[in-house]
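Enquirer: Protein chains in written order, with the working numbering: chain X, 1 to 253; chain U, 1 to 253; chain E, 1 to 253; chain F, 1 to 253.
Treat the hints as calculated values from the structure; they're not laboratory data. Among the hints, erroneous ones may be present.
To be verified - Footprint (simulated), chain F over chain X, 3 or more residues, beta carbon under 8 angstroms:
#, region
1, 119-130
2, 231-243
Said to hold, decoys possible - Within a straight-line C-alpha distance of at most 30 angstroms, the following computed DSBU-like cross-link-like pairs (lysine-lysine) qualify:
#, chain 1, residue 1, chain 2, residue 2
3, U, Lys17, U, Lys43
4, X, Lys116, X, Lys167
5, U, Lys250, X, Lys249
6, U, Lys43, U, Lys109
7, F, Lys7, F, Lys109
8, X, Lys132, F, Lys116
9, E, Lys249, F, Lys249
10, U, Lys232, F, Lys232
11, U, Lys232, E, Lys17
12, U, Lys167, U, Lys155
13, U, Lys17, X, Lys167
14, X, Lys7, F, Lys232
15, F, Lys7, F, Lys43
Note that CB positions come from ideal geometry on N, CA and C, so glycine has one too.
Protein chains: 4
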Amino acid sequence: MSDTFWKTALSLVERNKILIRGYRVQDLMEYCTFGDIIYLTFKGELPEGREGQMIDMIITSSTDHSFFAPSIDATRFVASGGVPLQAAVAAGIISLGDHHGGAIEQCTKMLEESVKAGTAAAEIVRGYRERKQRVPGFGHPWHDRDPRTLKLIAKAGEWGLAGAHLKLAESIASEIKLPINIDGVISGLIADMGIPWQYGRAFFIIPRAVGLAAHAVEETMRERPFRVIDLKDVAYDGPPERDLPDAAKKSKR
Amino acid sequence: MSDTFWKTALSLVERNKILIRGYRVQDLMEYCTFGDIIYLTFKGELPEGREGQMIDMIITSSTDHSFFAPSIDATRFVASGGVPLQAAVAAGIISLGDHHGGAIEQCTKMLEESVKAGTAAAEIVRGYRERKQRVPGFGHPWHDRDPRTLKLIAKAGEWGLAGAHLKLAESIASEIKLPINIDGVISGLIADMGIPWQYGRAFFIIPRAVGLAAHAVEETMRERPFRVIDLKDVAYDGPPERDLPDAAKKSKR
Amino acid sequence: MSDTFWKTALSLVERNKILIRGYRVQDLMEYCTFGDIIYLTFKGELPEGREGQMIDMIITSSTDHSFFAPSIDATRFVASGGVPLQAAVAAGIISLGDHHGGAIEQCTKMLEESVKAGTAAAEIVRGYRERKQRVPGFGHPWHDRDPRTLKLIAKAGEWGLAGAHLKLAESIASEIKLPINIDGVISGLIADMGIPWQYGRAFFIIPRAVGLAAHAVEETMRERPFRVIDLKDVAYDGPPERDLPDAAKKSKR
Amino acid sequence: MSDTFWKTALSLVERNKILIRGYRVQDLMEYCTFGDIIYLTFKGELPEGREGQMIDMIITSSTDHSFFAPSIDATRFVASGGVPLQAAVAAGIISLGDHHGGAIEQCTKMLEESVKAGTAAAEIVRGYRERKQRVPGFGHPWHDRDPRTLKLIAKAGEWGLAGAHLKLAESIASEIKLPINIDGVISGLIADMGIPWQYGRAFFIIPRAVGLAAHAVEETMRERPFRVIDLKDVAYDGPPERDLPDAAKKSKR
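Given these sequences and hints, build the entire structure.
Expert: Structure follows, in structure tokens:
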């Protein structure tokens, strides 16, 4: 290994052969759900229970949130500039940062570290309060009974996939009197599957690519190129029109 | 509709309600595969046959192609710069252009227009030859019996999902004596499902997000930051070291 | 050269030495304007006249166009997602496609090919009309006397930098009775400098990075995270809320 | 202001009028260097001394670093996928994160906060050591006498633009016995100009767009599409080829 520039344990490609974590791609195509593949890719082994189907549910929950997600708006503006589909989708994906789905990363990390260290909900909450930070993964501006979180929590119970991490998330929720939001539930579920927090945002990036692609195509097929906002939606509060100072007019050219 | 800036037929979000093409997201989570959701999002209705599962197979085929895909290499370099996961994934997605999966778009368009116009394979091939262009979707540098295409074609036959578009692709293949490649088979299948060619690249973008996320995490966890290539891999053939011409030295500052 | 993976004529880096097209970077820093560097990088040699300063004027013209440019809006939405500065800037840059500054590429190509072939303005215009396409680089929704184009054309005349390409653009403008727009003037000027059309969009990408960076920082410092649009600006015209068909409810799980 | 969705103090656009921080764009084009415009855009006022020319020097220093910068490699791979110029440039820009030019942000922040609080170099260094972190902006793998930093420091002295922040950076350098690197010098200089640290990375993003554009064009014009790495550069250390476990073969389809 030491002499090669590129090293991976993820996949192997040879003539007429593609292996994902050792399995032949045609076997995976035949027998696995897309959620199984995500689990296999990130963890290295196929799930033994219904984890793959739980991931199918997770990613089905987050494909689109209409124009109320900055990712969708960004992709619509970019698509209107006249770019290939993958470029418009990529622009929306870039926006999935700390304030937009990114909390899955922070929340999963917090749950994984806390369960490992045996830190109780009350202590976790106290820590965030002392640092004057919000606990990531709780509360939502509109959805106080989010149909996505309710469904995920119900199925996790039914399928025996709710463990210590989701339980800790629920304890934190009752401590801070805010519901677990969709980021927080996904965090609890993937932590309970043993998926490292570094993969957290992927559970939002992958499905959102579906919605972003559809919005990019809809923009192109239904709207005029170069989307322009309305003058009345803009306010300028910088300096009024002014002349250059005389000193600046000594041309440097 | 005429007065609103943002218009969509894709999704509706209200307090505690998220609809995708009219269906409640929690119902879709309960009963549908991820492939069903992609079909619904792009076509507007749920599949009546096994189209959703065919899409599951399609996207399972294309998550990763190791370092032999420029998308993977690009994401590894970008991840090494120290960026959030979604940004590294987005950089790889940008690369999925005309030469890298983008042929799905061109091939689907060609198949859809040709079937509609009743153009035969020989005539299509003649047109490309006259324009000195390659027919998009045929031939592969390594895989002459690609396990992915063989599996997709077999299942499409078994499930009754192979129609006029895939058949036309097969006729073109025997005309030019090159196998249909993975882009070409996906094109035939989605055209047979009635999905407009504008969505073509999405069938590669969505699954590749899985592989790109895994490579970004692997880069971060296994490699040192700021991946640097080896000096011996670089050749410079520009002008040798030289002094500025005297005229340029009349400083403009 | 044949054995190395990476080849370039642009730059050379060795211990304590950085050469751009053969010149030492510290010499360029001492004596050249940024426009000189752009000229040198793209053409391979330093300008002999005032081309570098003309490029300084070109890039100064296009840093910002307020929210009326989709690039700015896209960057504001992406920045609101909580991402690093370079990621927010990149998202805006992606939007600079065929309908948003990208016309510099198409227009420069057309001017370079037409001057080379000796095609007259009337013939060029006839060709676009027959293909039912707009001639790229002419007309603007608001600016009929764009202060940027007037200044560039005046200075090009004064500095002896207006040649056959800009002249052809002016002939096309009088043929179609639309003013040359900012894209068109930049195209004429860089074609007259002998810069290949493939670099065209760079003259918009580079300066726009300045405006995008400033808008990203302003978004972060003045606005709340996760910019959400107003409900009244959204219209949904897809199917109304509906139940899954019974057939779909035969759970696949 | 309170009723409008978009608010800015950066620019104003009306019919035939474009103002940047209140100045007419045609006046800025006539009299200012590109560095002046960057200063004006970020600070709100034109420089009174030679700050604009110092910024011209800063951005001239960082356009290209050959293939030894991950940004350049990423853009080459992405360009090879067959994408528009702006998309290839954007992919490289995304890589300019914490480990690749991003230190300008961290270093400027540290210098601005330390000068404000009166924290001495020794104390700063002690803090980083206690947190087991590297001080951002110091040391370079190859350049121990970087021609870029030497030139910038010399000119800043000559032009009276070296102040408390650059001085503090020099004190830190002698404390940790590592030279200030290019990120660190830029940080000291822009902090001395009173530019907030949030803009720091922009001083690397803007010039690098020049080099990325040139490398994207060179890739397209000199290389074959779809750049493929050599088999010998790849090592796989994941599981060997294996069959699916029987349990997984109970098809879910």
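Enquirer: Give a verdict on every hint.
Expert: Hints, one by one, checked against the model:
Restraint check on the region 119-130 of chain X versus chain F: 0 residues with Cβ-Cβ distances below 8 angstroms, three needed, restraint violated. Coverage of the region 231-243 of chain X by chain F holds [criterion: at least 3 residues with CB-CB distance below 8 angstroms; count 12]. Proposed proximity of Lys17 of chain U and Lys43 of chain U is supported: the alpha carbons are some 22 angstroms apart, at most 30 angstroms. For a cut-off of 30 angstroms, the pair hint linking Lys116 of chain X to Lys167 of chain X stands: about 14 angstroms separates their Cα positions.
Distance restraint check for Lys250 of chain U and Lys249 of chain X: the Cα-Cα separation of roughly 21 angstroms lies within the 30 angstroms cut-off, and the hinted pair is therefore satisfied. At most 30 angstroms may separate the alpha-carbon atoms for a hinted pair to count; Lys43 of chain U and Lys109 of chain U meet this at roughly 16 angstroms. Restraint check for Lys7 of chain F and Lys109 of chain F: the C-alpha separation of about 26 angstroms stays at or below 30 angstroms, so the hint holds. At roughly 23 angstroms between alpha-carbon atoms, Lys132 of chain X and Lys116 of chain F fall within 30 angstroms of each other, so this suggested pair holds.
Pair hint Lys249 of chain E plus Lys249 of chain F holds up; C-alpha atoms about 24 angstroms apart against a cutoff of 30 angstroms. Taking the CA atoms of Lys232 of chain U and Lys232 of chain F, the gap is near 15 angstroms; set against the 30 angstroms cutoff, the hint holds. At roughly 17 angstroms between alpha-carbon atoms, Lys232 of chain U and Lys17 of chain E fall within 30 angstroms of each other, so this suggested pair holds. As the CA atoms of Lys167 of chain U and Lys155 of chain U are separated by approximately 14 angstroms, the hinted pair is consistent with the 30 angstroms bound.
Only pairs whose Cα atoms come within 30 angstroms are accepted, and Lys17 of chain U paired with Lys167 of chain X is accepted, the gap being roughly 25 angstroms. This hinted pair checks out: Lys7 of chain X and Lys232 of chain F have alpha carbons roughly 11 angstroms apart, not beyond 30 angstroms. Between Lys7 of chain F and Lys43 of chain F the alpha-carbon distance is near 17 angstroms, which keeps this suggested pair within the 30 angstroms criterion.
In summary, the one numbered hint that this structure violates is 1.
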